[in-house]
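Q: Chains as they are written, first to last, in this note's numbering: chain P, 1 to 298; chain Z, 1 to 439.
Please keep in mind that the hints were generated in silico from the structure rather than gathered at the bench. Since this is a predicted model, take the numbers as computed values, not measurements. Since no wrong hints were added, every one of them can be taken at face value.
List time: in silico DSSO-like cross-link candidates among lysine-lysine, alpha-carbon distance up to 27 angstroms:
#, chain 1, residue 1, chain 2, residue 2
1, P, 87, Z, 208
2, Z, 17, P, 87
3, Z, 3, P, 109
4, Z, 3, P, 127
5, Z, 49, Z, 88
6, Z, 49, Z, 95
7, P, 223, P, 30
8, Z, 88, Z, 62
9, P, 109, Z, 17
10, P, 86, Z, 227
11, Z, 17, P, 89
12, Z, 424, P, 206
13, P, 134, Z, 424
14, P, 86, Z, 424
15, Z, 19, P, 87
16, P, 89, Z, 19
17, P, 87, Z, 3
18, Z, 208, Z, 19
19, P, 30, P, 206
20, Z, 3, P, 86
21, Z, 3, P, 89
22, P, 226, P, 274
23, Z, 227, P, 89
24, Z, 19, P, 134
25, P, 127, Z, 208
26, P, 209, P, 28
27, Z, 19, P, 127
28, Z, 227, P, 109
29, P, 134, Z, 208
30, P, 89, P, 134
31, P, 87, Z, 424
32, Z, 95, Z, 85
33, Z, 17, P, 86
34, Z, 429, Z, 208
35, P, 109, P, 134
36, Z, 425, P, 206
37, P, 209, P, 223
38, Z, 148, Z, 163
39, P, 30, P, 219
40, P, 134, Z, 17
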Amino acid sequence: MALLSLQHIQKRYGNYQASNDISFDIPKGKIFGMLGPNGAGKTTLIRMITRILYPDSGNILFNGEPLAERHTEQTGYMPEERGLYKKMKVGEQLIYLARLKGLSNSQAKQAVNGWLEKFNITSWYNKSIDELSKGMSQKIQFIGTVIHNPDLLILDEPFSGLDPINSKLIEEEIRQLSLQGKTIIFSTHRMEQVEEICSDIVLINKGSKILEGSVGDLKQRFKENKFRISYTGQLNESIVSNLQVVNKAEGELTVQFGAEHKGNELLRLFVENKVEVTSFNEVLPTINEIFIRQVEAN
Amino acid sequence: MGKIWIIVQREYITRVKRKSFLITTLLAPLGFLLLMSSSVLISTYSQGKMDVAIIDETSLFKDVPIADAEDGSVYFHTITEDYNKVSKEIQGTEKPKYEAIVFIPKDFDIDNPRRTNIAVRYTKRPGIAKQQFISQSINSAYQEVRLKALNISQQQRDEMQEKLSLNFESLDNEHENQSYTAIAGGVGMMMGFAIYISIFFYGTMIMKGVMEEKTNRIVEVLASSVKPFQLLMGKIIGVGAVGVTQFILWGILMIGTVFIVGPLLGIPMSSMQTMPTQPPVEAIDQDSVQALAQTFRSLPLIQILVFFPFYFLGGFLIYGSLFAAIGAAIGEDGDQQSLMIPVTVPIIISIFIAINVINNPDSALGMWGSLIPFTSPVVMSALLPFGPPWWQIALSLLLLLGGFVFTTFIAARIYRTGILMYGKKVKMKEIARWIFSKA
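Could you put the whole structure together from the sequences, leaning on the hints where they help?
A: Take a look at the structure:
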């Protein structure tokens, strides 16, 4: 079941086509990666999902209903260009953001206290953002995004500008929220993060959708029949002379087969020649490799 | 509406809690007082005292008294020394005895004064006020000399100088008299000026608030929770409420000073209400005070009280939304102040029209100025005490409402696009395009 469904979205700015007939579904309860290089049109799509902008044509469905104002209260958005009121106190600021998302004053206070306790930062309540370090204010920013317990969380480049410790913390929090059944859109141009976190992705380039699917399926679909085998001891070169070796290192070999061969043949070759195999695995393409290949193919 | 209210609260509370709010609230009246009194002080003390020697080789002026300046800026000394000697003396010294010499040469002809002019020679150029005073003093002395030469008696002279005083009265309003125009003009100017100042002061406050949200990068977070229009309105209303609070506090402060602080210091209330520039209270007799009050009461007070708030509100909303739009377009770096020109020029024009209007309340300029929504808040406020016709007020209010709807529509569109434009210098042409683009 899709929480969000984009159908034939078109958006132009003057002569610039920011979204060109984009359709995809975002499954409920998944961490969904929206990938693409800078300027691909990710932020435009997000702004349409958050109702900051409206598509020129096409539909967006939220839980099967046409996207409406009330859905913004079920959505939490952390933009790439983000910030807080510098002079405002942490507590007041979070309460304000929560109330704009439809919480009552007392609900907002309760939620703020809950999150500050969770992060062990209740002492920050009366500090102004000015007094906080960048990492600290990023934490507050994250709390501000999730304070109203949204069903859909949209994070645009959430790790940019974060140190490793805070990155880890936010990543943990994202996983936690996902386990609670929240749907998370994770937009980034850094592909390696996606593989670690996302289950499903859509690839966007120059305003058009290039690919979509689950990370596992995509890797299977674009795999090249490559295997990596590690071994100990001497390897008789004649064994591998008939194979297409794409990479060779000390005690490690990466081999590519044609479509008709299977990994077992390589393993059998090593076993029959009495070479001690320490590990054997299929080499799947990274999302980055798939992306580059697709962009070049288009 | 609920969300606008939340925004209004934040805009209001954060501003009122700031130290700068307290400081401006307390210091603005002080600054105003200082401004008023400094203009008096400057005119009194700025130039210092000047000693002027009068060397009269003709002896024509010797029986005519030439009075020194009342404010102590110019003192005349009639001396009999030789001109050349004195002029040399004062040129050579650092601190001369006289700063200027009025030299009446031997061949000065009283019947033909333009043939040989009286010269005023100085070591340091006297200011315009002093030049005027010296010129007037010598001229009236010359008149005296002339009258004496013509053998005209004091009585004849007094009779000759008797002046008429004309009464200007309205045909259809028996209460309206000549002081009416002055009072109506004063009240009108005060109201027009109040709107003018408020638009600038609170308009800039709105603009800075918008720029702050853009620079902070919080605006996109906000835009995902509320509509840009709600954000815009919340800010304008919030800042407006700050303005109202400030005006109320100033009112309390003023009344407090007059009624509490004054008596505590033992200063009689009547003298506190009198500005230093005005003649002392004794000079105004009881009748004229009553006449003044009478005139004031004959102003169309109900019209003023009912309509002035509309113009105040209308002007504030129209310009507040425009300032917000400019703030959204300028954003971050803030070095594009030129974008403010299209907004500030009409306000400045309207105060000029208002100044003209209080002298010519029936002029065509005043009528147009009171109808066009960009100038009507200031101009119509200046015009209200003169009792403009009902059709003019009605049409003006209608146009004001239309102007408000139109400008907020335009401003909201500029704002909506502007707040999401980062790191880009914006030109006027592009802003015009935003107005017609879809969100």
